[in-house]
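Asks: Please take these sequences and the hints and turn them into a complete structure.
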Amino acid sequence: MPSQQPTENGLKPIVIVGAGHSGVAVAAGLRTRGWGGDILLLEGEKETPYERPPLSKELLKAGAPDESTVLRKVRFYEDKRIDRRAGLTVDAIDPAGRTVLLSDGSRQGYHRLVIATGSRARSLTVPGADLPGVQALRTRDDALELKRALVPGARVAIIGAGYIGLEVAAAASAKGCEVTVLEYQDRVMSRVTSEPVSRFFEQLHEQNGVRFVFGAAVTAIDGADRAERVVTANGTSYPADVVLAGIGVVPNQEIAADAGLECQDGILVDGDGRTSVPDIYATGDVTRFTSSIDGASQRLECIQNAMAQADRVAADITGQDAADTEIPWFWTVQHGVRLQTAGVRHPADEVIVRGAPADGRFSVVYVRDGRLAAVDTIAGLTDFRPAKKLIAQKARIDPLLAADPGTPLTDAVFTAA
Numbered sequence: 001m002p003s004q005q006p007t008e009n010g011l012k013p014i015v016i017v018g019a020g021h022s023g024v025a026v027a028a029g030l031r032t033r034g035w036g037g038d039i040l041l042l043e044g045e046k047e048t049p050y051e052r053p054p055l056s057k058e059l060l061k062a063g064a065p066d067e068s069t070v071l072r073k074v075r076f077y078e079d080k081r082i083d084r085r086a087g088l089t090v091d092a093i094d095p096a097g098r099t100v101l102l103s104d105g106s107r108q109g110y111h112r113l114v115i116a117t118g119s120r121a122r123s124l125t126v127p128g129a130d131l132p133g134v135q136a137l138r139t140r141d142d143a144l145e146l147k148r149a150l151v152p153g154a155r156v157a158i159i160g161a162g163y164i165g166l167e168v169a170a171a172a173s174a175k176g177c178e179v180t181v182l183e184y185q186d187r188v189m190s191r192v193t194s195e196p197v198s199r200f201f202e203q204l205h206e207q208n209g210v211r212f213v214f215g216a217a218v219t220a221i222d223g224a225d226r227a228e229r230v231v232t233a234n235g236t237s238y239p240a241d242v243v244l245a246g247i248g249v250v251p252n253q254e255i256a257a258d259a260g261l262e263c264q265d266g267i268l269v270d271g272d273g274r275t276s277v278p279d280i281y282a283t284g285d286v287t288r289f290t291s292s293i294d295g296a297s298q299r300l301e302c303i304q305n306a307m308a309q310a311d312r313v314a315a316d317i318t319g320q321d322a323a324d325t326e327i328p329w330f331w332t333v334q335h336g337v338r339l340q341t342a343g344v345r346h347p348a349d350e351v352i353v354r355g356a357p358a359d360g361r362f363s364v365v366y367v368r369d370g371r372l373a374a375v376d377t378i379a380g381l382t383d384f385r386p387a388k389k390l391i392a393q394k395a396r397i398d399p400l401l402a403a404d405p406g407t408p409l410t411d412a413v414f415t416a417a
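Per the numbering used here, the sequence shown starts with residue 1, numbered consecutively.
Think of the hints as simulated: they come from the structure by calculation, not from any bench.
Since we're looking at a predicted model, the values are computed, not measured.
Hints are supplied without guarantee of correctness; some may be wrong.
[Claimed, not checked] Below are the DSBU-like pairs computed for lysine-lysine, each with C-alpha atoms no more than 35 Å apart in a straight line:
| hint | residue 1 | residue 2 |
| --- | --- | --- |
| 1 | K12 | K147 |
| 2 | K61 | K388 |
| 3 | K175 | K57 |
| 4 | K394 | K73 |
| 5 | K394 | K80 |
| 6 | K46 | K61 |
| 7 | K57 | K389 |
| 8 | K175 | K147 |
| 9 | K12 | K46 |
| 10 | K73 | K388 |
| 11 | K57 | K394 |
| 12 | K80 | K175 |
| 13 | K147 | K57 |
| 14 | K12 | K73 |
| 15 | K61 | K175 |
| 16 | K175 | K46 |
| 17 | K147 | K73 |
| 18 | K12 | K80 |
| 19 | K57 | K388 |
| 20 | K57 | K73 |
| 21 | K175 | K73 |
| 22 | K61 | K73 |
| 23 | K46 | K57 |
| 24 | K57 | K80 |
| 25 | K73 | K46 |
| 26 | K80 | K46 |
[As the list claims (entries may be wrong)] Simulated restraints on C-beta separations:
| hint | residue 1 | residue 2 | range |
| --- | --- | --- | --- |
| 27 | D79 | E47 | 12 to 22 Å |
| 28 | Q393 | V70 | 30 to 40 Å |
| 29 | D83 | A154 | 40 to 50 Å |
| 30 | G336 | T410 | 24 to 34 Å |
| 31 | D83 | D186 | 46 to 56 Å |
| 32 | R33 | R385 | 21 to 31 Å |
| 33 | H346 | R199 | 12 to 22 Å |
| 34 | D186 | R120 | 22 to 32 Å |
| 35 | E206 | P132 | 26 to 36 Å |
| 36 | R199 | D404 | 15 to 25 Å |
| 37 | D324 | P399 | 26 to 36 Å |
| 38 | H346 | R122 | 57 to 67 Å |
| 39 | S292 | T410 | 14 to 24 Å |
Ideal Cβ placement from N, Cα and C applies to all residues, glycine included.
Replies: The structure is reproduced here in structure tokens:
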């Protein structure tokens with residue numbers, strides 16, 4: 001880390017590739033931390049950078065405006081002297097020459113390069129996946145196309161029961177669509193939560209008319225001029241006017257890998273966002289890093305992590321201290337019920353339910369090696385804040401006390417190490 005504030009005069013610009021939450025936060029953080037040199041912010045989409053979580057939530061609701069919530073108003077970029085260039089991406093990086101090849105054919109030198117390219121929806125690769133009516137949900141245009149298709153009576157087949165698939169299922173059923181969710185695993189959100197939470201949301205969706213088919217391996221999308229049905233491995237067909245593929249995301253790491261940066265399902269970075277190549281940083285969904293909490297290698301797809309990493313990158317570039325690392329947290333809202341998670345659950349964690357799922361409001365805490373590792377809160381946040389603090393403290397938890405919803409989590413602590 002530099003020993004003092006670098007001198008910016010005469011330097012090439014800091015080039016930030018990607019204007020999602022993390023890329024914009026790096027640019028803003030550099031200015032907040034006093035960086036006076038040029039900042040070039042590149043974004044493939046042509047509109048002002050916008051928030052993405054509402055795309056599968058608020059924007060799909062009946063009567064919701066089509067406009068997206070922008071991350072920063074246009075005036076912000078002007079006032080902060082951030083040169084934002086929309087519709088322009090990076091095709092290649094030359095680390096030796098400290099330049100990037102832009103999509104318009106020009107080359108741009110950089111003082112520091114920040115890769116914030118995010119991730120893209122994983123492509124459905126079965127026959128018929130390219131038929132009209134089959135889509136993913138990652139951009140505002142995707143959301144608007146889907147919103148127009150979700151009309152009363154439309155038959156909607158959703159492949160994948162993760163956050164995106166279930167949020168769309170909730171929006172579609174609320175609009176009077178016939179919704180079928182096809183999931184390869186045996187429960188919803190199996191990658192991110194435990195069985196008690198999965199079963200609660202499964203029942204919530206079924207009460208709102210959503211049909212689930214578990215153990216479903218999709219093998220084809222059939223149709224003449226557009227999607228008409230989804231076919232699974234056992235030969236069953238499910239009629240569909242709209243097919244949404246919600247089967248996860250893939251990090252946009254190609255330009256980094258081609259330039260020789262170390263990648264492993266994400267660009268590998270250290271705690272300050274530095275990659276394996278000098279003067280190149282990466283931040284947000286595209287990165288993979290070692291957790292400061294449990295030492296696990298992870299790639300997190302959440303705004304909290306994107307913003308925290310952005311702060312660390314801006315701090316490292318300017319030679320300053322970053323804010324303390326925050327426990328990662330996530331949320332989803334389905335049929336008006338909010339699931340909020342702190343920490344990262346592992347499949348082998350001990351699962352302790354606080355409260356009765358039948359009451360519609362409960363928490364689940366996850367214990368690993370005797371310590372609180374993660375928490376899910378459903379329709380209530382009483383346990384959320386204390387759990388975040390205890391996870392950060394690596395607090396030891398008494399399982400019997402933790403299982404009593406009348407006992408505050410802070411009173412279930414053995415010791416805090």
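Asks: All hints, please: hold or fail.
Replies: How the hints compare with the structure:
Only pairs whose Cα atoms come within 35 Å are accepted, and K12 paired with K147 is rejected, the gap being roughly 43 Å. This hinted pair checks out: K61 and K388 have alpha carbons roughly 31 Å apart, not beyond 35 Å. Under the criterion of a C-alpha separation no larger than 35 Å, the hint pairing K175 with K57 is consistent with the structure, at around 13 Å. Taking the CA atoms of K394 and K73, the gap is near 39 Å; set against the 35 Å cutoff, the hint is violated.
This hinted pair does not check out: K394 and K80 have alpha carbons roughly 40 Å apart, beyond 35 Å. With a CA separation close to 24 Å, the supplied pair K46 and K61 stays within the 35 Å bound. At roughly 28 Å between alpha-carbon atoms, K57 and K389 fall within 35 Å of each other, so this suggested pair holds. Proximity of K175 to K147 is assessed by CA-CA distance (about 10 Å); at most 35 Å being required, the pair is judged to hold.
About 25 Å separates the Cα atoms of K12 and K46, which keeps this hinted pair within 35 Å; it holds. Among the hinted pairs, K73 with K388 is consistent with the structure: their alpha-carbon atoms are about 32 Å apart, no more than 35 Å. Among the hinted pairs, K57 with K394 is consistent with the structure: their alpha-carbon atoms are about 33 Å apart, no more than 35 Å. Only pairs whose Cα atoms come within 35 Å are accepted, and K80 paired with K175 is rejected, the gap being roughly 42 Å.
Our distance criterion of 35 Å between C-alpha atoms is met by K147 and K57, whose separation comes to about 11 Å. Of the supplied pair hints, the one linking K12 and K73 holds, its CA atoms being roughly 26 Å apart against a limit of 35 Å. The hinted pair formed by K61 and K175 meets the criterion: a straight-line CA distance of about 8 Å does not exceed 35 Å. For the hint linking K175 to K46, the alpha-carbon distance of about 30 Å falls within 35 Å, and the restraint holds.
Restraint check: the Cα-Cα separation between K147 and K73 comes to about 25 Å, which is no more than 35 Å; the hinted pair holds. For the hint pairing K12 with K80, the CA-to-CA distance comes to about 17 Å; that is within 35 Å, so the pair holds. With a C-alpha separation of about 25 Å, the suggested pair K57 and K388 falls inside the 35 Å cut-off, and the hint holds. A C-alpha spacing of about 22 Å is found between K57 and K73, which places the hinted pair at or below 35 Å, so the restraint holds.
Under the criterion of a C-alpha separation no larger than 35 Å, the hint pairing K175 with K73 is consistent with the structure, at around 32 Å. Simply put, K61 and K73 have alpha-carbon atoms about 24 Å apart, close enough for the 35 Å limit, and the pair holds. Restraint check for K46 and K57: satisfied, since their Cα atoms lie roughly 22 Å apart, inside the 35 Å limit. Using a Cα cut-off of 35 Å, the hinted pair K57 and K80 holds, with the two alpha carbons roughly 31 Å apart.
For the proposed pair K73 and K46, the alpha carbon gap of about 14 Å is at most 35 Å, so the pair holds. A C-alpha spacing of about 20 Å is found between K80 and K46, which places the hinted pair at or below 35 Å, so the restraint holds. Judged by the Cβ atoms, the range 12 to 22 Å given for D79 and E47 holds: they are separated by roughly 19 Å. Under the hint 30 to 40 Å, the C-beta atoms of Q393 and V70, about 37 Å apart, fit the expected range.
For D83 and A154, the hinted distance range of 40 to 50 Å is satisfied, since their beta carbons lie about 43 Å from each other. Judged by the Cβ atoms, the range 24 to 34 Å given for G336 and T410 holds: they are separated by roughly 29 Å. A hinted range of 46 to 56 Å for the beta carbons of D83 and D186 is consistent with their spacing of about 50 Å. Roughly 28 Å separates the CB atoms of R33 and R385, a value that falls within the hinted 21 to 31 Å.
Range check, H346 to R199: Cβ separation about 19 Å, and the 12 to 22 Å hint holds. Between D186 and R120 the CB atoms are about 27 Å apart, so this pair conforms to the stated range of 22 to 32 Å. Under the hint 26 to 36 Å, the C-beta atoms of E206 and P132, about 30 Å apart, fit the expected range. Between R199 and D404 the C-beta distance comes to about 22 Å, which sits within the given range of 15 to 25 Å.
Separated by about 29 Å at the C-beta atoms, D324 and P399 satisfy the suggested range of 26 to 36 Å. The hinted window of 57 to 67 Å between H346 and R122 is violated, with their beta carbons roughly 22 Å apart. Roughly 22 Å separates the CB atoms of S292 and T410, a value that falls within the hinted 14 to 24 Å.
Of the numbered hints given earlier, the model fails hints 1, 4, 5, 12, 38; all others are met.
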